[in-house]
Every structure is written in structure tokens, then in C-alpha cells.
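Q: So the chains spell out like this:
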Amino acid sequence: MSTLTAPVEASPATPARPAYRVTGRRVLASEWAKLWSLRSTWITLGLGLLFLVAFGLIAADHYKSGIGSGQQERDFATATAVSLSLFGTNFAQLALGVLGVLVTAGEYSTGMIRSTLTAVPRRLPVLWSKAAVFGLVALVVATLGVFVAFLSGSHIVSGTPAAMGLSHAGVVRSLLGAGLYLGLVGVIGTALGALLRSVAGGISVLVAALMLVPGLISLLPSSWQDNISPYLPSNAGESMFALTHDSTTLAPGAGLLVFLGWTVLALAGAAYRLVRSDV
Amino acid sequence: MIDAQQLTKRYGEKTAVDGLDFAVRPGTVTGFLGPNGAGKSTTMRMIVGLDAPTSGSVTVNGRTYARHQAPLQEVGALLEAKSVHPGRSAYNHLLALALTHGIPRRRVDEVIELAGLGSVARKRAGAFSLGMGQRLGIAAALLGDPQTVMLDEPVNGLDPEGVLWIRNLLTALADEGRTVFVSSHLMSEMALVADHLIIVGRGRLLADTTVTDLVREAGGDTVRVATQEPARLREALAGPGVGITGRAGSEELQVTGLSAREIGLKAAEHGIALFELTARTVSLEEAFMNLTRDAVEYHGSTTGIETRVAEGSAA
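These protein sequence lines are chains H and L, in that order.
Numbering-wise, our numbering comes out as the position in the first sequence, counting from 1, plus 70.
Numbering-wise, our numbering comes out as the position in the second sequence, counting from 1, plus 8.
If you are wondering where the hints come from, they were derived from the structure by calculation, not from laboratory data.
Using N, Cα and C, we set each Cβ at its ideal position, and we do this for glycine too.
It cannot be assumed that every hint is accurate.
[What the hints assert, rightly or not] Part of the chain H face toward chain L, derived, beta carbon under 10 Å:
| no. | residue |
| --- | --- |
| 1 | 101 |
| 2 | 102 |
| 3 | 187 |
| 4 | 228 |
| 5 | 267 |
[As the list claims (entries may be wrong)] To be clear about the criterion: a stretch of chain H counts as covered by chain L if any three or more of its residues have a C-beta under 8 Å from a C-beta of chain L, and this derived list gives those stretches:
| no. | stretch |
| --- | --- |
| 6 | 88-100 |
| 7 | 107-114 |
| 8 | 169-181 |
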């Protein structure tokens, strides 16, 4: 307990104090380190990647064997190599979205948030950094998974009506769109976690928004359905990576804009709560 | 230097902190005392900006905590509740905090050594014992080499060795000229380390004083003396600065301002026989309890505390 400072500098009268400072880049670096120092990150990202690739391959294989036996299921009538290899998106979005929720809400459930916000009492840089770091990681993992799923899936279905290559019109756009969609789902997860400050609450709202609401909409009168349905997060997101579009869906660019709108909305809610409420 | 002005925090109907005014100065250990639920933790949370005051303000070195460029360098805080992700190792926890400020890894290693966590630094913090968790919290508090160190109930859950370690640490920090602000609900613990005391009850300031002043104001050092000739003894002892009380017809007197030794010598000088001569120091614990008696939130109905207080007022 002799001294608490680093090896004491030359003049003991005025010990030189290092000039520390909180900057945006440093908060980013801290959030990056936090993300990778938890085992759950590796496991969940691995699961997301596995879902993308494995389900894509299973779908492609299922299609191929259906062709072979001559009894094609109706669902597969319009299948393409893209739609088959993106089959795992639905499951991967759960893994990535849940991990996004854990990144923020996990800090509240463990109490870590008190350490975090004591170090960065301005608070908002923490939210932006978490969203940026995890969004980027989810984007990279998802894009990687989608391309691997497509390249191996298209190999399986080559020689069938669904066959497609990367050079086919719209394929690369679809695959990049799927990666971007999953990256943004990750961001929405972090925003919901920060907004609700509860892992269970964040996951529930995420699942409801992406998977349950589209089903509930079908209870509405059909004229309403047509007006509302394309703008729902899940449907707008699907437009981002669907290969073909019709009058009931948004164009890829419009889908991206609408889904970005939902993301911004969730982030704005999270920012408001973070700044306004006690921890 | 911590400066609170009319600091107030209300949660709906309940007022947790009620118009607190106090200053914590560098170079000494300031104890922050009060019964459970007195608002100590809430006050500390407001100091580091985790809770926003309902009204009033609190500044650290002249500014609100959040306005500092390097907050961890201004205040190092150990809060009562756990503030660590159990899945992260102690080293990675400290590193994540250090990265926000550009604090070098060398300093992370230093505080790990300082807190005696060297052998468990790579283990998950969730597997730590209460004492180890407390040491990790203190390592985090010292990470930024802060001017002000603020610890909420630091000895909770520590073994005797840990308690001693904290005591020495607090004194060393104050000797280095830092502001040290430590909360506790145990007067006896505070008496060993603190010079200055800020005592609160039900969110209100009860006393802003020093340990010696607190004892003096609470009745100081009284000597109980019994004799057959109380009237003669009164005369013999009377003098400036001496207070003598006693019930009429009783052989017993309470004397303040003279030591038992002085009283005995004077009595012998005057040939007065004494039956009893007892120095009765008001303990800090008693002084503290007298002060906070009305402010205690949860009274046990038949505890020793009540009995002792009753005895104290009868004596």
C-alpha cells in the first residue's frame, strides 16, 4: 500500500498525472473488447452462422430430392437458389437479434451497466458504440454465412430449375440485402435491450415484431392489410433480400429505407430512456 | 472535493435524500454514516451521475461528474450493488473500463496486484467470493488513479484481513492528499478510519462533525461519583469548566470536565470518603444511536438496541 500511482515520477511535489480522456473511439474500443470477452458472444454468433449455412443446405437438398422423386411440394414451385439458401435467415435473425438484446439488456441484469456508465457518464456514446460494434459484427457474420450458404446451396441445385449463379441478375444484391437485414436486426436487438432493460422483455418484443405481428395482421380487413403489411419490419426486411417483387411488396431500396426507419425508431427510444432514466 | 447543495432525490412519494448540504474535503477520510435506508447509497449514486437529483446539485472538483473529460480520473467509486458482468474475467472487466479512458494495460495490471487479485485475474468474476468481488470493485475504483475515492460499505463481506486492508488503504489514500469518502452503517468501523463524519438519517443531514466533537457533544466524558457527603464534594470540585449534576437526596453525582483521577485527589484533600468513582465514556456507538434514534427506519421490537437506549436515558 506504499503508493497507488505508477512508479513515482521525478518530482514528488507535483506528480505528473497522465492525461486520460474519454473519446468516441475509445468507447468503441471498449465495447469491442466487452463483446469478445464473453463466451455467449462466440456461442451465439456460431449458432447464427450455423443456422444460416445448415438450413440453407438442408433446404437445397430437400428441393433437389423433391425434383428427383418427381413430387415437388407447392412451396418449392417458385424456389430459386437464392430463396433456398436464404431459408436459414429466419432462424439466424433470432440468434443475432437475441445476442443484440444481450449486449445491452445483459448489462442491466448483471449490474455491469453501473460500471459502464460511471466510466462514460455522458451515456449516449455507449449506446452508439454498442449498436455500431454489434451491428457491424452481425453484418459481417451474416454476409459471410449467406454467401457460404448460397455458394454451396447453388452447387447442390445446379441442373434443376432453381439453379442460379452469382452472375445472375439480382443475386448479389439479394445476398448483400440479407446480410444487411440481419445486421440491422442485430442493431434493433441492442436498441430493444437498452429500451426495455430486460433480457426477457427485449427478446419478447423482438420475436413479436419480427415473427408474430405479421400473423396478427391477417386478422385485419384485407384492404388494411394491403396498406400496412408491406411496411411491417419483417416484410420490409424481406423486400431487402427477396429476388422478385410484386405489387404487394416494397422494392428493395424502399424496403431498406422502411427497415432503417424501424431501426432508427428503436434506437431513438433507447437513447431517450438511457438519457432520461436513472440506472 | 465533493460539494452537495440542497441535494434532493424523491422516488414518487418517498423522499430518499432530503436537502443535503455537505462538503467532503481532500486529505482526510470522511465517513458517511447513517442507518440502513438513510439515503447514503442514493447520494453516492447521484455523485457519479447514475441517479439524477430531483433538485439541488452535487459537484466533484467543481463540476458535475458527467462534465469531466476523464471521469474515472476524478472519482473512483465502489457502489454497493454488484457492477460486474459475471461472465467476464476480472482482467477483461478492468480492461474494458480502462479502454474508455485510454488508461494503459500496465495500470490494469497494477490495480490487479494492488487489490491482491493476481491469482484470479483470469477467472470469471461470477465465480468470485463476496470478498474477491469487493476487491475487484476497489481495483476498478482505483483504475483511473482518481483524486477522489468513494466507497459504499467497502467492508461488507470482507474477512478480518480484508477489513484491515481496506482501513490501511483508506488511510494511505488520504495521506496522499486524496479525497476519501466512505459510507457505513457501523460507527465502530468508521471511528477507526474516519476523521470527519457526515451523519444522515431518513435522507436528512443529522451532523457534519469530527469524531472528537461528536463524542463531546453527545455527553462527553462523564465521571460518576458516589459519596456520603455530596454537598461537600460539590463545593470541593466546583470550578470553571466543571459541570456537576445529581438528584437531590441521592449520593450520586455526575461530573464533567474533571478526570476520575482529579476527583479522587480532590476528595482525599478534603477528607471526603468516596464509594464509587467511575469514568463513563460515551461510546461513539451510543452517540451515533442517540443521534439517529428517531431516524432509524426499521426498529426491531425487542432488540438489545432498545434496551440499551432505555438504560442510557435512565442513567
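Q: Should the interface hint for residue 267 (chain H) be scored as holding, given a Cβ-Cβ cut-off of 10 Å against chain L?
A: violated, 13 Å
Q: Please count how many residues of the stretch 107-114 of chain H have a CB within 8 Å of a CB from chain L and say whether that reaches 3.
A: Holds, because 4 residues of the stretch 107-114 of chain H bring their Cβ atoms closer than 8 Å to Cβ atoms of chain L.
Q: According to a criterion of three or more residues whose C-beta lies within less than 8 Å of a C-beta of chain L, is the stretch 169-181 of chain H covered?
A: That given contact holds, which follows from 4 residues of the stretch 169-181 of chain H lying within Cβ reach (below 8 Å) of chain L.
Q: Does residue 228 (chain H) pass the interface hint, meaning its C-beta sits closer than 10 Å to a C-beta of chain L?
A: Nearest chain L Cβ about 44 Å off; hint violated.
Q: For the hint on residue 101 (chain H), just tell me whether its beta-carbon gets within less than 10 Å of chain L.
A: For residue 101 (chain H), the interface hint holds, since the closest Cβ of chain L sits about 8 Å away, which is under 10 Å.
Q: Three residues minimum, CB to CB under 8 Å: does the stretch 88-100 of chain H make the cut for coverage by chain L? Let me know.
A: With 10 residues close enough to chain L, the hint holds.
Q: Regarding the hint that residue 187 (chain H) lies at the interface with chain L, is the smallest CB-CB distance below 10 Å?
A: holds, 6 Å
Q: Against chain L, is residue 102 (chain H) within 10 Å by beta-carbon distance?
A: holds, 8 Å
Consistency with the previously given hints fails for numbers 4 and 5, ordered from lowest to highest.
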